[in-house]
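Number of protein chains: 2
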Amino acid sequence: MAIATHQNKEQHVLSKNALDILQDLVKDELVAVNHTIIDRMQSPVGLIPQLAGHLISSGGKRLRPVLTLLCSHLCGYQGTRHISLAACVEFIHTATLLHDDVVDDSSLRRGSESANALWGNQASVLVGDYLFSKAFQIMVEDGSLRILDILSSASAIIAEGEVRQLANANNLNTAEEDCLEVITAKTATLFSAACEVGAVVAEQPTHICRALAKFGLNFGVGFQLIDDAIDYGGAQATIGKTVGDDFREGKVTLPVLLAYQRSNKEERSLWEKTIEQGNVTEGDLTCAIRLMDKYKVLQDVRNKAKEYVATACKELEVFTEGQERNALIDAARFCTTRAF
Amino acid sequence: MAIATHQNKEQHVLSKNALDILQDLVKDELVAVNHTIIDRMQSPVGLIPQLAGHLISSGGKRLRPVLTLLCSHLCGYQGTRHISLAACVEFIHTATLLHDDVVDDSSLRRGSESANALWGNQASVLVGDYLFSKAFQIMVEDGSLRILDILSSASAIIAEGEVRQLANANNLNTAEEDCLEVITAKTATLFSAACEVGAVVAEQPTHICRALAKFGLNFGVGFQLIDDAIDYGGAQATIGKTVGDDFREGKVTLPVLLAYQRSNKEERSLWEKTIEQGNVTEGDLTCAIRLMDKYKVLQDVRNKAKEYVATACKELEVFTEGQERNALIDAARFCTTRAF
Numbered sequence: 065m066a067i068a069t070h071q072n073k074e075q076h077v078l079s080k081n082a083l084d085i086l087q088d089l090v091k092d093e094l095v096a097v098n099h100t101i102i103d104r105m106q107s108p109v110g111l112i113p114q115l116a117g118h119l120i121s122s123g124g125k126r127l128r129p130v131l132t133l134l135c136s137h138l139c140g141y142q143g144t145r146h147i148s149l150a151a152c153v154e155f156i157h158t159a160t161l162l163h164d165d166v167v168d169d170s171s172l173r174r175g176s177e178s179a180n181a182l183w184g185n186q187a188s189v190l191v192g193d194y195l196f197s198k199a200f201q202i203m204v205e206d207g208s209l210r211i212l213d214i215l216s217s218a219s220a221i222i223a224e225g226e227v228r229q230l231a232n233a234n235n236l237n238t239a240e241e242d243c244l245e246v247i248t249a250k251t252a253t254l255f256s257a258a259c260e261v262g263a264v265v266a267e268q269p270t271h272i273c274r275a276l277a278k279f280g281l282n283f284g285v286g287f288q289l290i291d292d293a294i295d296y297g298g299a300q301a302t303i304g305k306t307v308g309d310d311f312r313e314g315k316v317t318l319p320v321l322l323a324y325q326r327s328n329k330e331e332r333s334l335w336e337k338t339i340e341q342g343n344v345t346e347g348d349l350t351c352a353i354r355l356m357d358k359y360k361v362l363q364d365v366r367n368k369a370k371e372y373v374a375t376a377c378k379e380l381e382v383f384t385e386g387q388e389r390n391a392l393i394d395a396a397r398f399c400t401t402r403a404f
Numbered sequence: 065m066a067i068a069t070h071q072n073k074e075q076h077v078l079s080k081n082a083l084d085i086l087q088d089l090v091k092d093e094l095v096a097v098n099h100t101i102i103d104r105m106q107s108p109v110g111l112i113p114q115l116a117g118h119l120i121s122s123g124g125k126r127l128r129p130v131l132t133l134l135c136s137h138l139c140g141y142q143g144t145r146h147i148s149l150a151a152c153v154e155f156i157h158t159a160t161l162l163h164d165d166v167v168d169d170s171s172l173r174r175g176s177e178s179a180n181a182l183w184g185n186q187a188s189v190l191v192g193d194y195l196f197s198k199a200f201q202i203m204v205e206d207g208s209l210r211i212l213d214i215l216s217s218a219s220a221i222i223a224e225g226e227v228r229q230l231a232n233a234n235n236l237n238t239a240e241e242d243c244l245e246v247i248t249a250k251t252a253t254l255f256s257a258a259c260e261v262g263a264v265v266a267e268q269p270t271h272i273c274r275a276l277a278k279f280g281l282n283f284g285v286g287f288q289l290i291d292d293a294i295d296y297g298g299a300q301a302t303i304g305k306t307v308g309d310d311f312r313e314g315k316v317t318l319p320v321l322l323a324y325q326r327s328n329k330e331e332r333s334l335w336e337k338t339i340e341q342g343n344v345t346e347g348d349l350t351c352a353i354r355l356m357d358k359y360k361v362l363q364d365v366r367n368k369a370k371e372y373v374a375t376a377c378k379e380l381e382v383f384t385e386g387q388e389r390n391a392l393i394d395a396a397r398f399c400t401t402r403a404f
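Chains as they are written, first to last, in the working numbering: chain F, 65 to 404; chain E, 65 to 404.
Be a bit skeptical, because a hint or two may be false.
[What the hints assert, rightly or not] Restraint-style ranges between C-beta atoms, simulated for each label pair: (1) F:S176 x E:N343: 49 to 57 Å; (2) E:N343 x F:T375: 37 to 45 Å; (3) E:N237 x F:A239: 55 to 63 Å; (4) F:Q341 x E:A181: 19 to 27 Å; (5) F:R354 x E:E336: 28 to 36 Å.
[What the hints assert, rightly or not] Okay, the calculated bits of chain F under chain E, using three or more residues with CB under 8 Å as the criterion: (6) 177 to 190; (7) 193 to 202; (8) 210 to 220; (9) 226 to 235; (10) 251 to 259.
These are calculated hints, taken from the structure and not from any lab test. Fair warning: this is a prediction, and the values are worked out from it, not measured in the lab. We treat Cβ as the ideally placed atom computed from N, Cα and C, and that holds for glycine.
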């Protein structure tokens, strides 16, 4: 497939482990974030730490809290507030994952059985609410109304984006712009907030806060575009979710939209049968992937992701070169080449 | 049944319309709260105002925002902040109702089809998240960290209580104390927060804020005890939810717990079959209600509710007598006699 070639070429230029390097730079603080997370999800109601712990300890990349930590460093922050704020960001992310899995009825998350598969949808909805409330409690303790504003606005935009995605489901006439707006809302907004919080905690001037917010936003769009491509191009064992999940759920992601638009009349019937009518039978996913290959759809999605990441990296030019800046740039670029 | 007699006696003493009188006292402000609610639930994603509007306009009593408004008056508040804060309280309440109906798989809410029955569980989860986030955005605009603290803590306690209730489901060995703690968490905490916010916005000293918080907490427990009793003693048309819902869901509420504890060995098998094993067949609800009648369970639950309400009303003694104080006392007392 086109992607494989593309990807191999990239891996000579970029480090394979750019995300690991990112994590390494804030290793000790990430341990502190994890302690805060575990500490703050405790409850006399045993099901809460059990369920939340399952998801939180199941090997997520902690990309969003890492962004908060690293952005605060990039801004020269020396305090400790970024630890609990990074935990907040992860709590909000975890709450949305729990609710997402209920909405999508997913059985796998990060390669393990999802929380709703193990404990039921009811518990996932309620524990999600609990984590979300806890995130706000932690922010209130921190005491910055500006940060509360950033993260409550982000949460509203995320939920709005999820509802929009639900409303677009099965609709092959969704506009490409609509599709990108959903991605921006449901993924990029939290990336953006995570980065901006790092600047705000370091009391940076507006243009710096805005630059990091824009970096996060564009990085987030690129990240999600790749995620949507991977649903048609990854292997289940490495991506840790079920390949073809989006397909089976009738999600109109950019790969589907482009493939549908480029398909001839005969080929379109596959998309109409599966995505529109929700009638997915054996072999349909293979056919869908073949059409994406024929029309170089995943390649184009990946290229679009690269454009967003390039825009993201440009925002970091307000900072002088250094370890943190380079690590952020490498990580963002690496994400556009990842196959997992 | 015992309750009917009890109730008729009470209605001579208390106004039938104590809740209406409460609403009347803040009529104009309640109109402003409704405008704020409608205004703030707007979104370009049509499903959000559609679904939220269905629930919000379906004739809820607005008891919680009314408490915020009236408590602020009781404290002599003259400003306008209480309007948007009352809307916040209603948003949080509506979000929990949306999620509750998903968790309980309810088909009726306030006498109409529930949102999840009309738009599906997925939309209900996500729109609940949206309203919850919006509530926090409104609080951030208001700018009081103290109020953010009260309502984020309340939200966490509510979610924790809901998880606990889920964990207790089908368990007839739940302790009575556990059962009361669930009620306190899932209902009374928001009553308490709604009242306390009224005092905080009026910049009252700690003992006044605490008195109103305690009034709300005890009122809320009383209110929920009656709600749980009504599930076995109301008529579907008047209570606006399906009679026997709790029974079919295997919810271990205080009426069930008391009836089970007082039942003889033979009678206990009914509770074990229905509540524990979830095997509810025709005639079971009638038998359950008959047992509650035999053991005067609903009468006792109603008396317990009266005790909580008496404690609540005692807290209002810090205020001088007047229209607002009397209306709050009447409304709280009225709730223990309501049959809807």
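Verification of the supplied hints:
Our hint of 49 to 57 Å for S176 (chain F) and N343 (chain E) is violated, since their Cβ atoms are close to 33 Å apart. The beta-carbon spacing between N343 (chain E) and T375 (chain F), approximately 60 Å, falls outside the hinted interval of 37 to 45 Å. N237 (chain E) and A239 (chain F) have their C-beta atoms about 56 Å apart, which keeps the hinted 55 to 63 Å range intact. The hinted window of 19 to 27 Å between Q341 (chain F) and A181 (chain E) holds, with their beta carbons roughly 24 Å apart.
At roughly 57 Å, the beta carbons of R354 (chain F) and E336 (chain E) sit outside the given window of 28 to 36 Å. Given as covered by chain E, the region 177 to 190 of chain F passes the check, having 5 residues with a CB less than 8 Å from a CB of that chain where 3 are the minimum. With 7 residues having a beta carbon nearer than 8 Å to a beta carbon of chain E, the region 193 to 202 of chain F meets the requirement of three or more and the stated coverage holds. Under the rule that three or more residues need a Cβ within less than 8 Å of chain E, the assignment of the region 210 to 220 of chain F holds, with 6 such residues.
Check on the region 226 to 235 of chain F: 5 of its residues sit with their Cβ under 8 Å from a Cβ of chain E, so the three-residue criterion for coverage holds. Three residues within the 8 Å Cβ limit are the bar, and the region 251 to 259 of chain F against chain E gives 0, so the coverage statement is violated.
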